[in-house]
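A.B. asks: These are the residues of each chain, in order.
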Amino acid sequence: MNTHKLKQKAIDKDFLDEIAHLPGGERIIDCFQCGTCSGSCPTAHVMDHTPRRLFAMVKAGFREDVLNSNTYWYCTSCYICTVRCPRQIKITDVMYALKRIALKERYVRRKNAAGAFYSSFVDIVERDGRSFEPELMVRFMLKTDPTLLLKNAVLGLKLMKHGRLPIRRNRIKARNELRAIIRKAKSESL
Amino acid sequence: MATKQSYIYYPGCSAEATGKPYEISARAVCEHLDIELKELADWNCCGATAYLSVEDIASMAVAARNLAIAESTGLDLITPCSACYITLSKVDHYFEDYPDIRTKINNALSAAGLEYKGGVNVRHLLYVFSEDIGMERLSGMVRADLSLRVAPYYGCQVVRPFTERDSPDVPFAMDEIISALGGDVVDYPLKTKCCSGALIGIDEKTALGLAKPLIECAVRSGADCIVTCCPLCQLNLDAYQYKINKVYGTNYHIPVLFFTQLIGLAFGIDEGRLGLNMNIVPYRPAARAKGASG
Ligand code: SF4
Ligand code: SF4
Ligand code: SF4
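Line by line, the protein sequences give chains A and B. The working numbering numbers the first residue of the first sequence as 70 and each following residue consecutively. The working numbering numbers the first residue of the second sequence as 14 and each following residue consecutively.
Hints in this document: simulated from the structure, not taken from any laboratory. Just so you know, not all the hints are guaranteed correct.
Take a look, some chain B residues computed to stay more than 10 Å from chain A by CB distance [stated by the list, open to error]:
{"id": "1", "residue": "L50"}
{"id": "2", "residue": "S66"}
{"id": "3", "residue": "I118"}
{"id": "4", "residue": "M148"}
{"id": "5", "residue": "A157"}
{"id": "6", "residue": "D188"}
{"id": "7", "residue": "I267"}
{"id": "8", "residue": "N290"}
Cβ-Cβ distance ranges computed for the label pairs, FRET-style [unchecked claim]:
{"id": "9", "chain 1": "B", "residue 1": "A54", "chain 2": "A", "residue 2": "R237", "range": "19 to 27 Å"}
{"id": "10", "chain 1": "B", "residue 1": "K51", "chain 2": "A", "residue 2": "R248", "range": "22 to 30 Å"}
{"id": "11", "chain 1": "A", "residue 1": "N137", "chain 2": "B", "residue 2": "S152", "range": "53 to 61 Å"}
{"id": "12", "chain 1": "B", "residue 1": "N290", "chain 2": "A", "residue 2": "G108", "range": "40 to 48 Å"}
{"id": "13", "chain 1": "B", "residue 1": "P295", "chain 2": "A", "residue 2": "E174", "range": "44 to 52 Å"}
Here the structure is a predicted model, which means the values were calculated and not measured. Ideal Cβ positions, reconstructed from N, Cα and C, are used throughout, including at glycine.
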């Protein structure tokens with residue numbers, strides 16, 4: 070359990086409303102702090118605030134503290150909290166929404182490796198229409214910590230030796246169409 | 014069965030890379046059962062957990078492009094990957110729950126002359142075996158003695174939050190299949206505990222801490238192998254097993270098979286056609302001697 074003090078000075082009264090208007094967050098007001106989510110979460114032990122506590126902070130308007138925390142970056146999308154929440158709050162979807170807000174508003178933290186990973190992935194998919202694991206890992210390691218390249222050389226060799234690391238990337242034919250969809254979709258963002 | 018079963022097949026990006034043994038064995042086993050997998054034309058990456066973490070409508074529109082292409086076929090869309098399954102299914106759930114999102118996605122798709130009306134039946138390959146093919150047909154095809162003790166590892170996204178008819182906590186589809194093939198299902202209480210998913214690429218130390226108990230639990234319950242239905246789960250438990258050993262001073266070497274590889278072994282399909290040589294922790298010769306001979 071952590072003992073993080075909240076740092077935010079002024080309360081953001083609109084934050085609850087902001088989250089409640091995102092898909093999955095509609096029922097967040099119903100959270101009765103039972104802790105089922107935190108008790109089920111596989112990564113709660115490394116989170117600055119457990120999911121239960123994070124929702125208390127959302128309701129109380131601690132926008133800065135919520136977005137500055139590592140909690141939602143550690144969400145693995147395992148959905149155990151979502152299926153167990155007795156108030157039917159779509160917790161995982163809220164975690165996704167927080168990631169998106171944080172990336173848009175550049176809440177870059179000491180430990181924002183997840184953001185770098187996701188962005189590298191998206192760059193490749195938007196370009197080729199397919200993901201390409203070797204490039205994704207190399208890009209990510211260069212962005213965050215180049216010594217990782219060395220630390221993962223053995224893993225890469227093992228995968229290659231077993232025919233599980235392709236050398237050539239795959240691209241879809243309709244790349245232009247896909248880009249047109251993405252461009253239009255971004256203009257329709259929530 | 015009178016008419017040939019046909020499905021639209023969405024392999025997912027990992028099928029061409031780390032998930033290759035899954036892809037190879039899935040195709041071999043389906044061919045053996047005379048099931049037709051028609052690969053979705055010019056399919057694109059579903060976006061997985063990453064895209065939805067960065068973009069809302071764009072990530073869903075990219076996933077929906079696949080559904081729009083699949084829709085005209087009228088066939089169920091099958092994917093072997095749990096992350097693809099959940100990402101594609103999510104579009105449909107959002108279509109039902111949020112009319113405004115539905116409109117926005119279709120506005121985006123129209124930029125490529127596409128439209129998705131909604132209602133493609135997205136399914137995970139595991140449930141094609143358990144629901145459509147069924148235990149009777151599976152056990153009737155067994156040609157090799159599988160005297161194996163197997164830990165069934167489902168992972169998360171195949172049963173959460175959407176599931177065809179299984180329990181999100183304690184599913185049994187894979188257990189049934191293993192038994193029908195003549196394998197012994199060991200008690201494996203961590204069968205749906207998260208393996209860390211993509212966190213393995215982001216924070217390895219934390220991720221290995223999640224994967225380790227899954228291996229430990231299988232070994233303790235006396236399993237000869239772990240069987241999975243998700244390419245990322247398999248990668249985390251198989252390719253990263255040597256890292257678990259390094260960090261925790263353990264000496265695990267338990268093979269992690271795709272359930273399609275296990276089916277293939279029981280059917281007596283040639284090991285080369287099941288991609289078994291691509292598994293990092295080798296499928297044990299001891300277990301093999303007891304198993305397939307023809
Ligand atoms: S499980 Fe649901 S109701 Fe309980 S604390 Fe978590 S979010 Fe709130
Ligand atoms: S979905 Fe995310 S927040 Fe919920 S239990 Fe899993 S890791 Fe924790
Ligand atoms: S178990 Fe791990 S890899 Fe498999 S679906 Fe869940 S998070 Fe993804």
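A.B. asks: When you look at the beta carbon of N290 of chain B, is every beta carbon of chain A farther off than 10 Å?
C.D. replies: 7 Å, violated
A.B. asks: May I ask you to check that M148 of chain B keeps its beta-carbon over 10 Å from the closest beta-carbon of chain A?
C.D. replies: 26 Å, holds
A.B. asks: Take a quick look at I267 of chain B and tell me if its Cβ sits farther than 10 Å from every Cβ on chain A, holds or violated.
C.D. replies: 16 Å, holds
A.B. asks: Run the C-beta distances from A157 of chain B to all of chain A and say if the shortest one exceeds 10 Å.
C.D. replies: 24 Å, holds
A.B. asks: Look at the Cβ atoms of N137 of chain A and S152 of chain B and judge whether their distance stays inside 53 to 61 Å.
C.D. replies: 56 Å, holds
A.B. asks: Beyond 10 Å from every chain A Cβ: check whether that's true for D188 of chain B.
C.D. replies: Holds: least Cβ distance 19 Å, greater than 10 Å.
A.B. asks: CB of P295 of chain B to CB of E174 of chain A, is that within 44 to 52 Å?
C.D. replies: For P295 of chain B and E174 of chain A the Cβ distance comes to about 48 Å; the hint holds.
A.B. asks: Verify this label for me: L50 of chain B is non-interface relative to chain A, using a Cβ-Cβ cutoff of 10 Å.
C.D. replies: Per Cβ check, L50 of chain B is outside 10 Å of chain A; nearest 18 Å; holds.
A.B. asks: Is it true that the C-beta distance of N290 of chain B to G108 of chain A lies inside 40 to 48 Å, as the hint says?
C.D. replies: 42 Å, holds
A.B. asks: Classify the label on I118 of chain B as holds or violated, using whether its beta-carbon is more than 10 Å from each beta-carbon of chain A.
C.D. replies: 7 Å, violated
A.B. asks: Holds or violated: the 22 to 30 Å window for the beta-carbon distance between K51 of chain B and R248 of chain A?
C.D. replies: 26 Å, holds
A.B. asks: Minimum Cβ separation between S66 of chain B and chain A greater than 10 Å?
C.D. replies: Given that some Cβ of chain A is not farther than 10 Å from that of S66 of chain B, nearest at about 4 Å, it is violated.
The structure fails to meet hints 2, 3 and 8 from the earlier list, while all remaining hints are met.
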